[in-house]
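Take the sequence shown: its position 72, counting from 1, is numbered 72 in the UniProt record's numbering, and each next residue is one higher.
Since the hints were made in silico from the structure, they are not lab data. Among the hints, a few may not be true.
To be verified - Cut-off 20 Å, straight-line C-alpha distance, at most; resulting in silico cross-link-like pairs (SDA-like, lysine to any residue): (1) Lys21 <-> Asp125; (2) Lys94 <-> Val61; (3) Lys97 <-> Glu53; (4) Lys24 <-> Ala115; (5) Lys81 <-> Val35; (6) Lys120 <-> Leu17; (7) Lys103 <-> Ser114; (8) Lys103 <-> Asp31.
What the hints assert, rightly or not - Okay, the calculated beta carbon distance ranges per label pair: (9) Thr101 <-> Ala122: 25 to 31 Å; (10) Arg88 <-> Phe134: 37 to 43 Å; (11) Tyr145 <-> Gly91: 37 to 43 Å; (12) Asp31 <-> Pro102: 19 to 25 Å; (13) Glu63 <-> Ser114: 20 to 26 Å; (14) Pro102 <-> Arg73: 21 to 27 Å; (15) Ala122 <-> Gly34: 20 to 26 Å; (16) Asp143 <-> Leu51: 34 to 40 Å; (17) Glu132 <-> Lys103: 35 to 41 Å; (18) Ile133 <-> Pro102: 39 to 45 Å; (19) Lys120 <-> Leu15: 34 to 40 Å; (20) Val137 <-> Glu106: 37 to 43 Å; (21) Gly10 <-> Asp92: 23 to 29 Å.
Since the model is a prediction, treat every value here as computed from it, not as a measurement. All residues carry an ideal CB built from backbone N, CA and C; glycine is no exception.
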Amino acid sequence: MLSRIDEIQGMGFHLDLVLRKIQKAYLRTFDELGVDTTIEQWVILYQIHQLGEDASQRDIVNENFRNRATTSRVIAGLERKGWISKTRFDGDQKRFKLELTPKGQEILDITLPSALALRKLAVKDVDASEFEIFLKVLDRIGDNYGEDQPQ
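Between the sequences and the hints, there should be enough to build the whole structure, so can you do that?
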């Protein structure tokens, strides 16, 4: 397979195909649950939940693979939907504190079980050693494209 990578449109084609299938499954599930959200919005909602009382916009920006402007737009969209509130931390006027509203918590309560089931589906019939190798190979490929690497 590796020797045929150019014949089959490159590994990017395969990565993109799998990513699209995953995204489609999440969006279909959210739609079936009656939740109008994007994957990016859901991920940030979940990150705020994970970070708890210490959730800051800076932390979310640093943990996402999107740029600051895009992340800020997604956060603003969540705020418009009434799913999160955005205030300043006490004693720190530079950082925005992000919190789930009751509606945001309700959305998370509705979607989280299905999201966790979809995560389990991703590794169905993949044993732990295969998954470890998969992640190691992805990391190595990513490192090959790192900013420090000569082209």
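Consistency of the hints with the structure:
1. Lys21 <-> Asp125: holds, 17 Å
2. Lys94 <-> Val61: holds, 14 Å
3. Lys97 <-> Glu53: holds, 8 Å
4. Lys24 <-> Ala115: holds, 12 Å
5. Lys81 <-> Val35: holds, 11 Å
6. Lys120 <-> Leu17: The hint holds at about 19 Å.
7. Lys103 <-> Ser114: holds, 18 Å
8. Lys103 <-> Asp31: Within the cut-off at roughly 17 Å; holds.
9. Thr101 <-> Ala122: 25 to 31 Å: holds, 30 Å
10. Arg88 <-> Phe134: 37 to 43 Å: holds, 42 Å
11. Tyr145 <-> Gly91: 37 to 43 Å: holds, 41 Å
12. Asp31 <-> Pro102: 19 to 25 Å: holds, 23 Å
13. Glu63 <-> Ser114: 20 to 26 Å: holds, 22 Å
14. Pro102 <-> Arg73: 21 to 27 Å: holds, 24 Å
15. Ala122 <-> Gly34: 20 to 26 Å: Distance hint for Ala122, Gly34 holds at roughly 24 Å.
16. Asp143 <-> Leu51: 34 to 40 Å: violated, 28 Å
17. Glu132 <-> Lys103: 35 to 41 Å: Because 39 Å falls inside the window, the suggested range holds.
18. Ile133 <-> Pro102: 39 to 45 Å: Roughly 43 Å apart at Cβ, these two residues keep to the hinted range, so it holds.
19. Lys120 <-> Leu15: 34 to 40 Å: For Leu15 against Lys120, whose Cβ atoms are near 21 Å apart, the range 34 to 40 Å is violated.
20. Val137 <-> Glu106: 37 to 43 Å: holds, 39 Å
21. Gly10 <-> Asp92: 23 to 29 Å: violated, 46 Å
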